[in-house]
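Novice: Sequence:
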Amino acid sequence: MLKRGMCSLSISLPFLFTNKEDAYKTVTDIETERRLEEFEAARPSKGWERVKYVLFRDDEYGDSSPEVENIRFVTFTCGFAGAFYGGYKSSQKAYLEFVRTNQATAFDSHMEAKRRLQDRVGVSFLRGAGQLGWRTTLFGFMFATVTNVVALYRNKEGILEYTLGGLAAGMCYRLHVGLRGVIVGGILGGTLGTIGGVTANLLCYATGYTLTDVKRAQYAYSIERERSFDRAMDLSNREDQAEHTETPEVFRRIEEDESTGRIVDNLEEIEAKAATLSQVGLKTVDIKKP
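Heads up: the sequence shown is residues 1 to 290, going by the working numbering.
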C-alpha cells in the first residue's frame with residue numbers, strides 16, 4: 001500500500017519521489033514517454049513554427065502538449081487561489097461591518113438576524129471572489145503563456161522566460177490603474193519573476209531534474225486522470241448493460257403468458273413478478289383471475 005501511494009505521488013512530483021535510474025515504471029509512465037517521444041519528434045526546428053505547433057495543435061490522441069497543460073494548471077491554480085482569498089477577505093470585512101452597524105438594530109427574531117448576516121456574507125464573498133479572481137486568473141495566464149512561449153522559442157529552459165513572464169503579468173495586472181501603474185507593475189512583476197526563476201532553477205539543480213521534467217509530470221497526471229475517467233465510464237456502461245440484460249427475460253415471460261392465455265394463480269409468484277417489474281422501472285398491471 002505504501003508503494004502504491006509513493007507511485008501515485010511520483011506522478012505529480014517526480015523530482016521528489018522518483019529516481020531517473022529506477023527501472024520500475026508504471027503503465028502511465030510508459031504511455032507518457034511514448035506520447036512525448038511521438039509529439040516531440042514531430043516538432044519543427046524553427047522557433048515560431050515550434051511555438052505554433054506546440055500551443056495550437058493536439059497529438060494524434062487529441063491531447064494537448066505538456067506546455068498547454070502547464071498553462072491550464074497555472075491559470076486555474078492562480079484563479080482559484082485568488083478567488084478564494086478575495087472572497088474570504090471580503091466576507092470577513094462584511095461580517096465585521098454587519099456586527100458593528102447592527103448592534104442596536106431590533107430584529108424580529110434571532111433567525112432573522114442570522115439570515116441577514118448570511119446573505120450579507122454570501123454576497124460579499126461572491127463579489128470579492130469575482131473582483132480578485134479574474135485578476136489572478138489573468139496574471140497566471142499571462143505569466144504561464146509568456147514563460148512557455150519564450151522557452152519554446154529558445155528551445156531551452158532558463159531565467160529569462162520567468163523575467164519576461166513576470167513583466168507581462170505585472171503590467172496586465174495593473175492595467176486598470178493607468179500608465180504609471182503599468183510601469184510599476186511591470187518592474188515589480190519582472191523582479192518577482194526573476195526571483196522565481198532563480199529559485200526554480202536552483203531547486204532543479206539541487207534535485208537533478210529540469211523544469212521540463214516538471215511539465216512532463218503534469219502531462220503524466222493529465223494522462224492518468226484521463227485513464228481514470230475512461231475506466232469509470234467503462235464500469236458505468238457495464239453496469240448499465242448488466243441491468244438491461246435482465247429486461248428481455250422479463251418481457252419474454254410476460255409475452256408467453258399472454259400468448260398462451262395462462263395466468264398463474266399463485267399470489268407469491270405474482271408478487272415476485274411485480275417486484276421484478278418495479279426493479280426495471282415498469283408499471284405493474286393488475287391481473288384478474290379467470
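Please keep in mind that the hints were generated in silico from the structure rather than gathered at the bench. Positions of the beta carbon are idealized from the N, C-alpha and C atoms, including for glycine. Among the hints, a few may not be true.
[Unchecked claim] Beta-carbon label-pair distances, calculated as ranges:
| no. | residue 1 | residue 2 | range |
| --- | --- | --- | --- |
| 1 | VAL198 | PHE56 | 28 to 36 Å |
| 2 | ALA200 | PHE80 | 55 to 63 Å |
| 3 | LYS114 | ARG50 | 54 to 62 Å |
| 4 | ALA42 | ILE159 | 24 to 32 Å |
Novice: Take the hints in turn and mark each one as holding or not.
Specialist: Hint check:
1. The hinted window of 28 to 36 Å between VAL198 and PHE56 holds, with their beta carbons roughly 31 Å apart.
2. At roughly 21 Å, the beta carbons of ALA200 and PHE80 sit outside the given window of 55 to 63 Å.
3. Under the hint 54 to 62 Å, the C-beta atoms of LYS114 and ARG50, about 59 Å apart, fit the expected range.
4. Here the CB-CB span from ALA42 to ILE159 is close to 29 Å, well matched to the stated 24 to 32 Å.
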